[in-house]
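Visitor: Here is what each chain is made of, one letter per residue.
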Amino acid sequence: MKRIKRFNIKKMPLFFSLLLGAVIFAAGIKTDVIAKVEGNILGISEDSDYLDSLDEMASADAKALEEERLRKEENKRIDEELRNSGWTSAKRLEKDVPVELINEFIEPGTVINNTVTEIILDKVDEDYFKDALFIGDSRTDGLRAYGSFDGATYVCATGMSVFKIWDDKDLVKGYNGLLDFLRKKKFGKVYIMLGTNEYGYEENAYIKKFGEFVDIVRKNQPDAIIYIQSILYATINYEKKYHDLETDGVNSRNAKLKEMANDEDIFYLEVNDCLNDGTDHLPSEYTGDGVHLYAKYYPLWRDYLLNHAAVTVVKH
Amino acid sequence: MSFTSINFLYFLIAFIAVYFICPAKYRRYILILSGLIFTAFNSIYGLIVLAVVTLINFLFARWIVNQYNPLNCAKFVAFLNLTALIVFKAVNIMPVGFSFYTFGFISYVIDVGRKEIAPEKNIVKFSSYAFFFPKLLMGPITRYKEVSDNLDDLRIDLKRVQYGLESFALGFIIKVLIADKLAILPHELLKIGYESISTPLAWLGMFGYTLQLYMDWIAYTSMAIGIASLVGVTLPENFDNPFMAHTVSEFYRRWHITLMRFFKDYVYIPLGGNRKGVFRTIRNILIVWLLTGLWHGFSVNYVLWGLSLGIIVVLDRLFLRKAFDKAKVLGHIFVIFYIPFTFLTFMIGDLNSLVLYITRLFPMLTGYVAEFPNDYVEYLKSFAPYLIGGIIFCLPYPNMLLHKYGRKWIVSIIISVVFYFAVFEVIRNGNNPFMYLNF
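Just so you know, the sequences run in chain order A and B.
Counting with this note's numbering, you get residues 1 to 316 for the letters of the first sequence.
Counting with this note's numbering, you get residues 1 to 439 for the letters of the second sequence.
The hints are simulated quantities; they were obtained by calculation from the structure and are not laboratory data.
Heads up, none of these hints are tricks.
Partial selection, computed: residues in chain A whose CB lies under 10 Å from chain B: (1) LYS10; (2) MET12; (3) PRO13; (4) LEU14; (5) SER17; (6) LEU20; (7) ILE29; (8) ALA145; (9) TYR146; (10) THR287; (11) GLY288; (12) LEU293; (13) TYR294.
Below, computed lysine to any residue pairings styled on SDA-like, alpha-carbon distance capped at 25 Å: (14) A:LYS241 x B:ILE184; (15) A:LYS130 x A:CYS274; (16) B:LYS191 x A:CYS274; (17) B:LYS264 x B:ILE86; (18) A:LYS10 x B:ASP157; (19) A:LYS164 x B:SER382; (20) A:LYS296 x B:LYS191; (21) A:LYS173 x A:CYS156; (22) B:LYS264 x B:ASP149; (23) B:LYS115 x B:MET260; (24) A:LYS241 x B:PHE41; (25) A:LYS30 x B:ILE13; (26) A:LYS30 x B:PHE11; (27) B:LYS145 x B:ASP240; (28) A:LYS169 x B:ARG428; (29) A:LYS240 x B:VAL91; (30) B:LYS408 x A:GLY21; (31) B:LYS159 x A:VAL23.
Here the structure is a predicted model, which means the values were calculated and not measured.
Cβ atoms here follow ideal geometry from the backbone N, Cα and C, with glycine treated the same way.
Go ahead and model the full structure; you've got the sequences and the hints to work with.
Guide: What follows is the structure, given as structure tokens:
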């Protein structure tokens, strides 16, 4: 046993503390203590309120669907009636018939002065966004930095996804996570863009999660108009190189996002329309890494939002 | 395998355990075996190249001594190695670490040709040098003659074990908790587009990049030297507080020391060094810096880098060094601004973007007015801890304190805690330090 030196603890304390640390660390990983500590650091916890609201939603789902169906039928009926008595819906106007834009939100189909109202996407001015909330990932963060609206609120973080958006309790300063924030502050419009970081997930799982997200937002912001923004394309080269954010997959997801809109208080915005190189890809000169816009191109997106906001029109 | 990956930690623990148990005379085989595994993990191609190059240099060295003119033969062999280096670089099929270990072999054959060292007859011993994995990824560029005696006597010294663990743990911590975090900043600027960044942000980016580069280097070097110490091998120092220098010449006696000494001993001095008059000296300096640039890569950027430094080294020799010797503070300031400026050639790939970036650093050149003049504030806030950490490690105090108080239990405990926190970070990021791959 001559080979085995006397390992004098005093001469190499780091060896022993690292060894001890390794044992503790491994034990921590095995017993999930580390995961729990991580959870606390990252703010993942079992929020009973959130779970309650999910439960409520599940049971309210059927009810809500029924209500929705009834409302749509009612609108159709009013439309039909008006048409039969000689009135035309403002949307089906000829180009030269003047329309008046109304600033307050009016239930579509409301009859005002013997005219009928409709909601279309049209131009608004900057003030429109003073009570707007933007929720999203690093793209929205870029919009916040380089294409922001005065007075709007931005809740965004790099890497954000619908799968963990409720978990980060430090997401909004002064509030205990996004749910807390949505409960306590009311907005006139909520703009959502989430989907890039979830591209790796199975499409239906993402859509389902996104739908739940919209439902919770609606529940906590009953009077807000919700804008679901499309998932943005990546450049051709990015798609080729990384086989990620493939246009077909993005289009497929966007189509399903579009179905969530009701064109009354939930709208779908095809933001890609202003960032398209003609082949359903992000133009290469707009970006350095294939996915994120250069600062100077965010105004394109900003302008798109200015030109595609829900406004009520009335036919004279 | 990156040194800061979980796989590598498992590998390292296994390697140390086997090495410690193994009797001293068989330890060379453990070094060879671990080197084979380490290289194979990166690529089989790399393994084959390393094995072939090792064998060729081993055999050629023994052939050289029997020739009429060993030095010329040595130069021929060196030339072969260089040709391989150039071809691999040009065709872009360079195996990992090739630039580093090739220079090790070149120094070996030239030393044999100069009769400074006898050629190694024992292929096992030579292979244990060639396959020594700590130095395979990023150096230090080690000369055979400086480890030859060491390899005859691979014993474990407990003090060196402590020192080795300190170095490795510190290097690991710096890489994961400082260097990798700082790496995000230049990437953010690329995303924004250099056209839109404000001048303060441009300066922040430049300093941040240089800091990240240095942290990366000292982290890796610390880990390499630390692992070597654990097994009783002394690798040469590669960095000696370069940012404490007050002239650019002095900076490069403290930065990537093993590369600079290679060029000094095997190019500069053979060309005559500074002993053949002013013009020859200037020519020699510029040649060396041109080659140093090309070693980094065959592109205009690196040539520009090399020459931008070569010119200052020439000026140093003519009058600048004496001036800064008298005004050390000015010299320090010059170093701290000029060196990061030269590293812009590393940070920015194409020349147009480089010029654009310079117009952002010096807005008076084009009358640039930033559209978002306060953009640097949030970056300063989020990167502040890493910038401060990096600056602290540019000073000599952390190392001084570590080696003075490293043996105290409380220091060991603190290091261990921070080390495991860094390990946890690695796991949390899925072994992927580049978090910007998250959108």
